[in-house]
Amino acid sequence: MKPTMVFSRTPGLKDVVTSYCPGCGHGVAHRLMAEVLVEMNALGRTIAVAPVGCAVYGYDYWNFDTTEAAHGRTPAVATAIKRVLPDRLVISYQGDGDLASIGMAEIIHAANRGERITVIFINNANYGMTGGQMAPTTLAGQVTTTTPEGRDVSQTGYPMRIAELLATLPGVKFSARGALHKPGLVRKAKSLIQKAFAIQDAGTGFSIVEFVSLCPTNWGVNTLQAVEMVEKDMLKTFPLGIFKDEQVGGKD
Amino acid sequence: MKIIAKTGNEAMAEAMRQINPDVCAAYPITPATEVMQIFAGFVNDGLVKTELMMVESEHSAMSACMGATAAGARTMTSTSSQGLAFMYEMLYIAAGYRLPIVIAEVNRALSGPINIHCDHGDTMGARDTGWIQLFSENAQEAYDNLIQAIRIAEHPDVQLPAWTSTDGFIISHGMENMEVYPDEAVQKFIKEFQPSFTLLNNQQPLTVGAADLQDFYFEHRRAAAEGMRHAKRVIQEIGREFGQTFGRSYGLFDTLELDDAEVALVAMGSTAGTARMAVKNLRQRGVKAGLLKLRVFRPFPAEELAQALKHVPNVAVMDRSDGFNAQSAPLATELKTAFFDAGLKPKVIDYIYGLGGRDIHFTELEQIMEKTLQAPEPGDLDSRVVYWGVRE
Numbered sequence: 004m005k006p007t008m009v010f011s012r013t014p015g016l017k018d019v020v021t022s023y024c025p026g027c028g029h030g031v032a033h034r035l036m037a038e039v040l041v042e043m044n045a046l047g048r049t050i051a052v053a054p055v056g057c058a059v060y061g062y063d064y065w066n067f068d069t070t071e072a073a074h075g076r077t078p079a080v081a082t083a084i085k086r087v088l089p090d091r092l093v094i095s096y097q098g099d100g101d102l103a104s105i106g107m108a109e110i111i112h113a114a115n116r117g118e119r120i121t122v123i124f125i126n127n128a129n130y131g132m133t134g135g136q137m138a139p140t141t142l143a144g145q146v147t148t149t150t151p152e153g154r155d156v157s158q159t160g161y162p163m164r165i166a167e168l169l170a171t172l173p174g175v176k177f178s179a180r181g182a183l184h185k186p187g188l189v190r191k192a193k194s195l196i197q198k199a200f201a202i203q204d205a206g207t208g209f210s211i212v213e214f215v216s217l218c219p220t221n222w223g224v225n226t227l228q229a230v231e232m233v234e235k236d237m238l239k240t241f242p243l244g245i246f247k248d249e250q251v252g253g254k255d
Numbered sequence: 043m044k045i046i047a048k049t050g051n052e053a054m055a056e057a058m059r060q061i062n063p064d065v066c067a068a069y070p071i072t073p074a075t076e077v078m079q080i081f082a083g084f085v086n087d088g089l090v091k092t093e094l095m096m097v098e099s100e101h102s103a104m105s106a107c108m109g110a111t112a113a114g115a116r117t118m119t120s121t122s123s124q125g126l127a128f129m130y131e132m133l134y135i136a137a138g139y140r141l142p143i144v145i146a147e148v149n150r151a152l153s154g155p156i157n158i159h160c161d162h163g164d165t166m167g168a169r170d171t172g173w174i175q176l177f178s179e180n181a182q183e184a185y186d187n188l189i190q191a192i193r194i195a196e197h198p199d200v201q202l203p204a205w206t207s208t209d210g211f212i213i214s215h216g217m218e219n220m221e222v223y224p225d226e227a228v229q230k231f232i233k234e235f236q237p238s239f240t241l242l243n244n245q246q247p248l249t250v251g252a253a254d255l256q257d258f259y260f261e262h263r264r265a266a267a268e269g270m271r272h273a274k275r276v277i278q279e280i281g282r283e284f285g286q287t288f289g290r291s292y293g294l295f296d297t298l299e300l301d302d303a304e305v306a307l308v309a310m311g312s313t314a315g316t317a318r319m320a321v322k323n324l325r326q327r328g329v330k331a332g333l334l335k336l337r338v339f340r341p342f343p344a345e346e347l348a349q350a351l352k353h354v355p356n357v358a359v360m361d362r363s364d365g366f367n368a369q370s371a372p373l374a375t376e377l378k379t380a381f382f383d384a385g386l387k388p389k390v391i392d393y394i395y396g397l398g399g400r401d402i403h404f405t406e407l408e409q410i411m412e413k414t415l416q417a418p419e420p421g422d423l424d425s426r427v428v429y430w431g432v433r434e
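Those protein sequence lines, which keep their order, are chains A and B. Read in the working numbering, the first sequence has 87 at position 84, and its numbers run on one by one without any break. Read in the working numbering, the second sequence has 71 at position 29, and its numbers run on one by one without any break.
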């Protein structure tokens, strides 16, 4: 029998090995994003803005144009690119240090202005690139390198729910949270990206997809344990769902 | 004497544990992250009484440090590169308010393009903010300088913030033997922080940083400039006292084989350590080479440098940053001003090197000194500024 190809690397990604740790969610998110762009035949009109953090080398993996921004400033850079080139698909790809910490002002204001960009937000509950320090998304009681006995919310605040927070802003037309640690969830994750890009192409406003991701290296566990941690702990603080969907025909 | 192996970051975190500051506010950034991360462990373990604030950015970190210092707290932080750049607005304010904050700064190249490795572009970009700036050659000096920086910054004649500059990765992540002093001795040396004025003193209400227009702004900036002038004397006094206490004296700069030198290399940071080998090798080959290692970049010891180099006809200046002024990089530019004021006109060649962490080997420093000796009298810009080790 002639073998049949059932899966192949998406042309939306370059044929290179990434620098991500085993079990990291960035690779899955990159692939989903790239697959959707290919399916939309949008690779040639996509411009991404890369963050500072683990995804700083995104441009080495994505097979579309990218510019690097200063830490946290990707929504502002993406805003300008979209306004200058409104027919392009503009993606701001950010982690939780970049988006929810140092770049909080930019994300809130880009969302509030209803900028026609899409933000892909990877939430792994710590600062991955610098070695696992507490992030705004770190769970209550979670051990990190700067909270050796667990995050004390009375001293360091509470984990921030970005997808819910941004959904409250009128300029935001799509805000959802997906996950990357199970095949079924990965398929759903892809549909969230499809919806977000469709909102951008419809030109109605801001769209964001947050992904609950895994960081086995900095969590100090193996990948299976990390999957368990996401299921048992992270999803309680960061429930999956669509918090706003103002697509034509979509639910509000 | 307690000799232990530590990286530069570990050494600075150890100094901070012994200093036991009242407040730290920080945000992680490579390669300085470890300093505050290790220190967070000390806080967690109750080894210090510091109030540690893990804020959302360096912009907020320096703002928090200012608030704490104005309220009378001894305050420290650590950062690198983009982090220092993100503090830029507050750096000026901290100096203008005369708040003696101390930063353990780990030198890293500035974006863009983004780079995490060593050069001095980050602190050089903030060289005129009004902060005292001490460079370290190794982990020992990073530790010693951080302890001294507390005393220098808080000195009543100075009252200016200070940072110690430590070469990213080369020193921050390189492990070496160093001496750690007893906790009590460090505490005794740094003394209690006694600010002249603080907030929260009901007997003497005050405003820090009240609007200051044409009426007094100029006088306040002038007063800060005077603090920086005093710092030159205070740094030397404290460096001597440090030597009497711990056995290692510090001045404005350090020299090696300079007395009869026909060529001098002027360098800051870890390259000065590399240059010691280069000078030794050149001397063995009969070349009269010498080294001047500059420790104190702010205040810039112009008169003292000119005096130390007045007999040297050929000077190679090692600049680990570029000033983009189309003339010469920061260290050479300021050194040439010092020579001019002293009526000296040596041949000065500025070597811009090591940007973004490009390595420099002692054999290259030997070549640089030999090249400087042989170079024709500089007639045009091209012969005065050499981009060393770049592909072009």
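It is possible that some hints are incorrect.
Unchecked claim - Which stretches of chain B does chain A cover? Using the computed rule of at least three CB atoms under 8 angstroms from a CB of chain A, they are:
(1) 109-120
(2) 355-361
Stated by the list, open to error - What follows is a list of derived Cβ distance ranges for each label pair:
(3) A:87 <-> B:250: 39 to 49 angstroms
(4) B:46 <-> A:158: 25 to 35 angstroms
(5) B:257 <-> A:87: 36 to 46 angstroms
(6) A:68 <-> B:259: 17 to 27 angstroms
(7) B:47 <-> A:244: 49 to 59 angstroms
(8) A:152 <-> B:285: 54 to 64 angstroms
(9) A:244 <-> B:256: 50 to 60 angstroms
Claimed, not checked - Which stretches of chain A does chain B cover? Using the computed rule of at least three CB atoms under 8 angstroms from a CB of chain B, they are:
(10) 69-75
(11) 80-94
(12) 149-155
Rather than coming from a laboratory, the hints here were simulated on the basis of the structure. C-beta atoms are modelled at their ideal positions from N, C-alpha and C, and glycine is treated no differently.
Hints and how they fare:
Under a criterion of three residues with beta carbons nearer than 8 angstroms to beta carbons of chain A, the stated coverage of the region 109-120 of chain B fails, only 0 such residues being counted. Evaluation of the coverage hint for the region 355-361 of chain B: breached, as 0 residues show C-beta separations to chain A shorter than 8 angstroms, against a requirement of three. At about 43 angstroms, the CB distance of residue 87 of chain A to residue 250 of chain B agrees with the hint of 39 to 49 angstroms. In this structure the supplied range 25 to 35 angstroms holds for residue 46 of chain B paired with residue 158 of chain A, their Cβ-Cβ distance being about 31 angstroms.
For the pair residue 257 of chain B and residue 87 of chain A, the beta carbons lie near 45 angstroms from each other, so the given range of 36 to 46 angstroms is met. Under the hint 17 to 27 angstroms, the C-beta atoms of residue 68 of chain A and residue 259 of chain B, about 46 angstroms apart, miss the expected range. A C-beta distance of roughly 51 angstroms is found between residue 47 of chain B and residue 244 of chain A, which places it inside the suggested range of 49 to 59 angstroms. Between residue 152 of chain A and residue 285 of chain B the beta carbon distance is about 40 angstroms. The supplied range of 54 to 64 angstroms is therefore violated.
For residue 244 of chain A paired with residue 256 of chain B, a C-beta distance near 58 angstroms keeps the hint of 50 to 60 angstroms intact. Counting residues of the region 69-75 of chain A whose CB lies closer than 8 angstroms to any CB of chain B gives 4, which reaches the minimum of 3, so the coverage claim holds. With 0 residues carrying a beta carbon less than 8 angstroms from a beta carbon of chain B, the region 80-94 of chain A misses the three-residue requirement, and the given coverage is violated. Check on the region 149-155 of chain A: 4 of its residues sit with their Cβ under 8 angstroms from a Cβ of chain B, so the three-residue criterion for coverage holds.
Hint compliance for this structure: hints 1, 2, 6, 8 and 11 are broken, all remaining hints hold.
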